[in-house]
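Produce the complete structure using the sequences and hints provided.
Chains as they are written, first to last, in our numbering: chain Z, 1 to 386; chain G, 1 to 297.
In case anyone wonders, no lab produced these hints; they're calculated from the structure.
Glycine included, every Cβ here is placed at the ideal spot set by N, Cα and C.
Hints may be right or wrong, so weigh each one.
[To be verified] Only part of the chain Z face toward chain G is listed, based on derived beta-carbon distances under 8 angstroms: (1) Arg52; (2) Met76; (3) Ala79; (4) Leu94; (5) Met96; (6) Gln154; (7) Lys233; (8) Val234; (9) Thr237; (10) Met344; (11) Pro365.
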Amino acid sequence: MMHADPNCVLTGTHFMNGDAACCEGALAAGARFAAGYPITPSTEVVERFAARVPKVGGIFIQMEDELAASIALQGMVWAGAKSFTVTSGPGYSLMMEHIGFAAMTETPCVFVNVQRGGPSTGLPTLPAQGDMMQARFGSHGDYSTISLVPNSPQECFSLTVKAFNLAEQFRVPVMFMMDECVGHMTEKVVIPDAKEIEVTPRRHASKPPGEFVLFEPGEDLVPEIAHAGEGYKVYVTGLTHDKRGYPLMNPASQKELIPRLFEKISRAADELTIVEAEGLEGADVVVVSYGITSRVAQRAIEMARDKGLKVGKLRLICVWPFPEKLIRELAPKVKALVMPELNMGQVVIELERCAGGQCKVISVPHPGGTVHKPADILAAIERGAE
Amino acid sequence: MSTAADLHIHNPVEDVLRKERIPTIWCPGCGIGTTVNSFAAALLGQNIDLKKTVIVSGIGCSGRVSGYMALDSFHTTHGRAIPFATGLKLANPELTVIVYSGDGDLTSIGGNHLIHAARRNMDIMVVCVNNMIYAMTGGQAAATTPGNSITTTSPFGSFEPEICLPQLVDAAGAVFVARWTAYHVKQLERTMSKALKKKGFRFIEVLTPCPTLYQRRNNMGDGLAAMVDYKNRSKIKNGAPTYEVALVPGGEIVVGEFVDREREDYLTRMRRQLGTNYSELPPQPEEEEQEGCCSSC
Numbered sequence: 001m002m003h004a005d006p007n008c009v010l011t012g013t014h015f016m017n018g019d020a021a022c023c024e025g026a027l028a029a030g031a032r033f034a035a036g037y038p039i040t041p042s043t044e045v046v047e048r049f050a051a052r053v054p055k056v057g058g059i060f061i062q063m064e065d066e067l068a069a070s071i072a073l074q075g076m077v078w079a080g081a082k083s084f085t086v087t088s089g090p091g092y093s094l095m096m097e098h099i100g101f102a103a104m105t106e107t108p109c110v111f112v113n114v115q116r117g118g119p120s121t122g123l124p125t126l127p128a129q130g131d132m133m134q135a136r137f138g139s140h141g142d143y144s145t146i147s148l149v150p151n152s153p154q155e156c157f158s159l160t161v162k163a164f165n166l167a168e169q170f171r172v173p174v175m176f177m178m179d180e181c182v183g184h185m186t187e188k189v190v191i192p193d194a195k196e197i198e199v200t201p202r203r204h205a206s207k208p209p210g211e212f213v214l215f216e217p218g219e220d221l222v223p224e225i226a227h228a229g230e231g232y233k234v235y236v237t238g239l240t241h242d243k244r245g246y247p248l249m250n251p252a253s254q255k256e257l258i259p260r261l262f263e264k265i266s267r268a269a270d271e272l273t274i275v276e277a278e279g280l281e282g283a284d285v286v287v288v289s290y291g292i293t294s295r296v297a298q299r300a301i302e303m304a305r306d307k308g309l310k311v312g313k314l315r316l317i318c319v320w321p322f323p324e325k326l327i328r329e330l331a332p333k334v335k336a337l338v339m340p341e342l343n344m345g346q347v348v349i350e351l352e353r354c355a356g357g358q359c360k361v362i363s364v365p366h367p368g369g370t371v372h373k374p375a376d377i378l379a380a381i382e383r384g385a386e
Numbered sequence: 001m002s003t004a005a006d007l008h009i010h011n012p013v014e015d016v017l018r019k020e021r022i023p024t025i026w027c028p029g030c031g032i033g034t035t036v037n038s039f040a041a042a043l044l045g046q047n048i049d050l051k052k053t054v055i056v057s058g059i060g061c062s063g064r065v066s067g068y069m070a071l072d073s074f075h076t077t078h079g080r081a082i083p084f085a086t087g088l089k090l091a092n093p094e095l096t097v098i099v100y101s102g103d104g105d106l107t108s109i110g111g112n113h114l115i116h117a118a119r120r121n122m123d124i125m126v127v128c129v130n131n132m133i134y135a136m137t138g139g140q141a142a143a144t145t146p147g148n149s150i151t152t153t154s155p156f157g158s159f160e161p162e163i164c165l166p167q168l169v170d171a172a173g174a175v176f177v178a179r180w181t182a183y184h185v186k187q188l189e190r191t192m193s194k195a196l197k198k199k200g201f202r203f204i205e206v207l208t209p210c211p212t213l214y215q216r217r218n219n220m221g222d223g224l225a226a227m228v229d230y231k232n233r234s235k236i237k238n239g240a241p242t243y244e245v246a247l248v249p250g251g252e253i254v255v256g257e258f259v260d261r262e263r264e265d266y267l268t269r270m271r272r273q274l275g276t277n278y279s280e281l282p283p284q285p286e287e288e289e290q291e292g293c294c295s296s297c
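In structure tokens:
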């Protein structure tokens, strides 16, 4: 494990918004390169990066569109850099092909999506959580990645660092799913000393050229990486490929590659069950939420407790992979799971699947544009407790 | 009696090919391999570090070139080779980055990136193999398909005029623009050698035959007929204004090096403008693991 470079860490107590904190997290995590295309409400992240990064030897390039940004950042990674891109709903849709490319080529990188209301151009300056299924299933074909969801500027800092670390650990694109509220909310952000920020180094080839096989998985199913210009003659393709990276398009090759791309994530399910849980023991109802919605849910939980209801809180910090085991254990012990989301009911489908009919699952949908009223979540809790 | 081993003739360019990947997927009479031969010869004839030379392609028949070269090879998505190459170059300016792809890839779906990489004067070399058709997908019309051509998506003849690539990239700001055909193997090698050494956005168009999917439907004969056609119709005009090099069906094919000028490339300009605001930090040394605390203890 390495630690953050002190030249890039703004150690101290700050008052900053989520977008700014995300930028600081990326810098602390070691990102020195980014490619982006402007879109509200995400652009402040790269605006700050563009101002900060030259002084620490990095580059931000504003590309001609999101397709370009989302593949330029992967060129940066294969040249040896840590890099990311930042976008919002419509741009995220355009990036989907390259999220698949990153998954297929096992390119460690981070896609930040500051979600806004949709579909289409929707509500550029107002929040939603409508891209959650796209984060999981948006690109064509089968693949598995990781999605982290912060609920405060403080977490925009710390979880961005984690997003980069997980990208390196698993060699996957990591989705950092903010929302407009969290992105534009200004709060206290404490940035620790560089020595206290752990940074996962790239899993670089431990063998010399000639002996090294680019897509040979390790024990954890994750391969090591070599970069362009190091003499390894890497061969990287989005086609189904063998361990050398050479195209090999047949059912046997597909069967060897695709399940591994899934399993390298699913095997780490326990490690990737990142949640904030409170009051689950003895609860009749548990409110499951993520992102900005979890802060409204907190108020609803307090209102319900004031009424004497036994309510637990489960905040999903890592939404994908979904904490399946945890939900399967929890469902038989409660009367209901209540899930408010700033969408018409996306992640709740997965919650229902994992609950498997063992308890009621109550969706509290919202089309976005603002946040829930605590009373709406409270009403769902009361229904669940009946 | 001679054996197969005795008959093996060393191809002078095979050192820069991934021999285990050959034979190629290309059809008989296709011109892509011919361009690769010129490219490989240009690479070997240069005093450049092949370890620092990277080839990037998009999708299609010509997109497969990257995989046949014994270089760091990136076979990316349709139309996006140039932005991927841009990322490589920015993050490691020591690399010599070559984009080698087809006309449909680079100029239709990737047309926007072509324009902007030329505008930025990104320090990459782009080879556009122009066979005037979408070949790998089965012979559909491309932006480069000559007007009135029969293709699978224009069975009554295409209604659109073809794009003039040298004029486009010249207007967008490329510092080096050339065109040859698969007939001009030596000239192509020399131009590629020159372009490899030049800094900035360099663009080389190479017209190549596609007997299987373009010529057959348009009664243009086989690959050899295309070469005879190139020989008869080509006229070398180095320095020709690019607005005069449009490809007219049956007309003159103007070939040569049209543009060769100097303009500050993206990274040079960036560093100049940033001045002292740009500082390269020394790489952070890897921290040593303390005794007795590693995971294997």
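Notebook entry, point to check: For the hint on Thr237 of chain Z, does the least C-beta distance to chain G fall short of 8 angstroms?
Noted result: 4 angstroms, holds
Item checked: Interface hint for Val234 of chain Z, Cβ within 8 angstroms of any Cβ on chain G -> At about 5 angstroms, which falls below the 8 angstroms cut-off, the nearest Cβ of chain G leaves the hint on Val234 of chain Z intact, so it holds.
Margin query: Checking hints one by one. Is Pro365 of chain Z an interface residue toward chain G, by the C-beta closer than 8 angstroms rule?
Written below: 35 angstroms, violated
Check: With 8 angstroms as the cut and Cβ atoms as the points, is Met96 of chain Z at the interface with chain G?
Finding: 11 angstroms, violated
Notebook entry, point to check: Is the shortest C-beta separation between Met76 of chain Z and chain G less than 8 angstroms?
Noted result: 4 angstroms, holds
Next item on the list: Return the status of the interface hint for Leu94 of chain Z: holds when the least beta-carbon distance to chain G is below 8 angstroms, violated otherwise.
Entry: 11 angstroms, violated
Margin query: Does the closest beta carbon of chain G sit nearer than 8 angstroms to the beta carbon of Arg52 of chain Z?
Written below: Given a least distance of 10 angstroms, the restraint on Arg52 of chain Z is violated.
Check: Was the hint right that Lys233 of chain Z lines chain G, CB cutoff 8 angstroms?
Finding: Because about 6 angstroms separates Lys233 of chain Z from the closest Cβ in chain G, which is inside the 8 angstroms limit, the hint holds.
Notebook entry, point to check: Any CB of chain G closer than 8 angstroms to the CB of Met344 of chain Z?
Noted result: Constraint on Met344 of chain Z not satisfied, violated at 31 angstroms.
Check: Holds or violated: Gln154 of chain Z as interface residue toward chain G, Cβ cutoff 8 angstroms?
Finding: Since the shortest Cβ distance to chain G is 25 angstroms, the answer is violated.
Next item on the list: Against chain G, run the beta carbon of Ala79 of chain Z and see if the smallest gap drops under 8 angstroms.
Entry: 4 angstroms, holds
When held up to the earlier numbered hints, the structure conflicts with 1, 4, 5, 6, 10, 11 and fits the remainder.
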